[in-house]
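> Each chain is listed here by its residues.
2 protein chains.
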Amino acid sequence: MNQIYYLGIPGSNSYTAAKNYFRSQDNLTGVETFAAIFQKVTIDTSSYGIIPIENTLGGSVVENYDLFDRFDVWISGEYYLKFENHLLAMPTNDAPEDRLEKINRVYSHPQPLLQCTRFFEKHPWMKKKAYLDTARAAQYVSGVQDPSLAAIANQDAAELFHLDIIKKNISDNPEANYTRFFIISSQKQDVPDANRASLLFTVPHVPGSLVRILQTFADNHINLVKIESRPIQKKPFEYTFHIDIAWEKDQEDQIEKLLKKFKKNTQTQKVLGFYKAASLPVQ
Amino acid sequence: MNQIYYLGIPGSNSYTAAKNYFRSQDNLTGVETFAAIFQKVTIDTSSYGIIPIENTLGGSVVENYDLFDRFDVWISGEYYLKFENHLLAMPTNDAPEDRLEKINRVYSHPQPLLQCTRFFEKHPWMKKKAYLDTARAAQYVSGVQDPSLAAIANQDAAELFHLDIIKKNISDNPEANYTRFFIISSQKQDVPDANRASLLFTVPHVPGSLVRILQTFADNHINLVKIESRPIQKKPFEYTFHIDIAWEKDQEDQIEKLLKKFKKNTQTQKVLGFYKAASLPVQ
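Each protein sequence line maps, in turn, to chains A and B.
Reminder that position 132 of the first sequence reads as 132 in the numbering used here, one-by-one numbering, no gaps.
Numbers given in the numbering used here equal positions in the second sequence, counted from 1, plus 1000.
Note that these hints are calculated values from the structure, not bench results.
Heads up, a few of these hints could be off.
As the list claims (entries may be wrong) - No farther apart than 25 Å at their CA atoms in a straight line, the calculated lysine-lysine pairs in the DSS-like style are these:
| no. | chain 1 | residue 1 | chain 2 | residue 2 |
| --- | --- | --- | --- | --- |
| 1 | A | Lys129 | B | Lys1264 |
| 2 | A | Lys264 | B | Lys1226 |
| 3 | A | Lys263 | B | Lys1226 |
| 4 | B | Lys1040 | A | Lys122 |
| 5 | B | Lys1129 | A | Lys127 |
| 6 | B | Lys1226 | A | Lys270 |
| 7 | B | Lys1127 | A | Lys129 |
| 8 | A | Lys127 | B | Lys1128 |
| 9 | B | Lys1040 | A | Lys128 |
| 10 | A | Lys249 | A | Lys270 |
| 11 | A | Lys128 | B | Lys1128 |
| 12 | B | Lys1226 | A | Lys226 |
| 13 | B | Lys1226 | B | Lys1257 |
| 14 | A | Lys226 | B | Lys1264 |
| 15 | B | Lys1129 | A | Lys128 |
| 16 | A | Lys226 | B | Lys1129 |
| 17 | B | Lys1128 | A | Lys40 |
| 18 | A | Lys226 | B | Lys1263 |
| 19 | A | Lys127 | B | Lys1226 |
| 20 | B | Lys1226 | B | Lys1168 |
| 21 | A | Lys129 | B | Lys1128 |
| 22 | B | Lys1270 | A | Lys226 |
| 23 | B | Lys1127 | A | Lys128 |
| 24 | B | Lys1226 | A | Lys261 |
| 25 | B | Lys1188 | B | Lys1276 |
| 26 | A | Lys40 | B | Lys1122 |
Predicted, not measured: the structure shown is a model, and the values here were computed from it.
Start from the sequences and build out the full structure, keeping to the hints where you can.
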């Protein structure tokens, strides 16, 4: 069976994304860093990895773009996960609405703790406590078995660590928090009906060179789904660009020709993969 | 005196950026969220705020771009801060090199803890402990006065909380970690010799509309320093773009004319400010 590598432990957001995308919780293996995911899929050529690439609140996970530069792995799919920030605590006989006043310490990663600022303003007796990640925060609260402790984590974490959901979606902006994941592997995957590609490139240091590349795609009605520039380390004022392009079924035949042009106009370039566009999570 | 608002407590990276940029540690006021910084500068019209906008490892701080949409504040300056991840502990009579083996718990924000993965692999007896931010981790270690505890934080935190630097720059990639800050205020600042501008805009939903805007700048040899697209909430497949442009002294007169063209070609637009380009930190 193909192993699937993700960041963290069962109950992490990457775990949930992997479980949903592959429609199975078997063969999921958690590791501790993004680099470890790239290493694992490079060594175990039948395996897959799942990595977050951008978040609506946090922006691009640039570390993973850098890892695409270092490792030869392919993107074969994308997946959008809506992040849930639920307040979890050990089960008791009290009704959930009566439990809030007894909770005085809330564990989570600092990022979700910050995203729930208004909740903490309304419940000033709750003290924010940082933890390495949301799943481990839930695991800790579950282990201590103290009804005055809570964690902010997702529904999978609640189920896996036998915690009750005291209050759902307590973040300030619960509708706005979703993350895009890429599915990666060391083998080039032939994805039928692929309609998206991710490209990484640098351009010659002359004015207008980026525009020339984008123009090639625009002239052919190929949609630019994402664009981002990023300074190159130790080369101030030079940039790596990431773009994602999308096309319709009847444009498939043009893509190969356009990518040849793209290669001619760029200084360095890497096609990260062809894949099917995922739908956004239901808002 | 003009108040200056920053994120966190004295010893935070935002504190250090504010102190360095304004060359003073007076009138610095720490607050708990980025939104609070925007609120403060909007109410106190003589004040400034300092906010991180992008980090070489973490990418753009998209939350702050969203706040530019919600609040009418101006960018009047930029500053680059190199992030330091030093290992700090309470002073003892032992030599720093003898102390590493006695340290068994290291407190910091999860992000720097992750950035020091190789250090923790080499010192496997040290347990990573999450804290809300680096400065508060240093404050905690300083308060406990236990030589087996350490924090990962910067030099200002070491000085403010009377901790020794046991080991400098312990992150995997110490040269690569710098953050760009914007200086904001509610009053439009007239910056002499401004040579950069930050623009936020949306384009009509027709192919090639982004390219047309970039072309205007390229045709006039105006440098594109940064570009980033970001999906608009609840409008899938529509995007907000952030670009930063830079120009030379002899191009100053063109900018106003070009911005008029820019306004005509964009659907919505906001000029976030004109400012002087900061130099990158010495590597």
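> List, from low to high, the hint numbers that the structure doesn't satisfy.
1, 16, 19 and 20
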